[in-house]
Amino acid sequence: MKFSGNDFADFDPFGSNHEHSPKQFDQLEATVLFCSQCKEAVPVRKRLLLALPEGDKYDYLCVYCGNSVGTKIEREAQPIKLLL
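Add 179 to the 1-based position in the sequence shown for our numbering, that's all there is to it.
Calculated from the structure, these hints are not laboratory results.
Values in this document were obtained by computation on a predicted structure and should not be read as measured data.
We treat Cβ as the ideally placed atom computed from N, Cα and C, and that holds for glycine.
Accuracy of the hints is not assured; some may be wrong.
To be verified - Here are the in silico distance ranges between beta carbons for each label pair:
hint: 1; residue 1: K218; residue 2: L262; range: 44 to 52 Å
hint: 2; residue 1: E255; residue 2: A209; range: 14 to 22 Å
hint: 3; residue 1: A220; residue 2: L262; range: 43 to 51 Å
hint: 4; residue 1: L263; residue 2: E219; range: 42 to 50 Å
Stated by the list, open to error - Straight-line C-alpha distance at most 30 Å; calculated DSSO-like pairs for lysine-lysine:
hint: 5; residue 1: K218; residue 2: K251
hint: 6; residue 1: K225; residue 2: K260
hint: 7; residue 1: K260; residue 2: K236
hint: 8; residue 1: K251; residue 2: K225
hint: 9; residue 1: K225; residue 2: K236
hint: 10; residue 1: K236; residue 2: K251
hint: 11; residue 1: K236; residue 2: K218
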């Protein structure tokens, strides 16, 4: 897309090589989720549920009733190699 008289449309702050660009949203953290038992959006607590080969699985719990309201798997940057 080209704007007449404006060179900002083609401006790339990281240059043509994007491997060093910052990862602003690498991992998102939930702070409020809907609880089906409380019938409203509530603050949540994150608890480690399982340590899996592909990453750690977390459970999000309602701070009021303790109901599970969601899960998340945080994947490792490099896969874990298992030796048998």
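Hints and how they fare:
no. : hint                       : verdict
1   : K218 with L262: 44 to 52 Å : holds (49 Å)
2   : E255 with A209: 14 to 22 Å : holds (20 Å)
3   : A220 with L262: 43 to 51 Å : holds (45 Å)
4   : L263 with E219: 42 to 50 Å : holds (48 Å)
5   : K218 with K251             : holds (21 Å)
6   : K225 with K260             : holds (27 Å)
7   : K260 with K236             : holds (18 Å)
8   : K251 with K225             : holds (9 Å)
9   : K225 with K236             : holds (10 Å)
10  : K236 with K251             : holds (6 Å)
11  : K236 with K218             : holds (25 Å)
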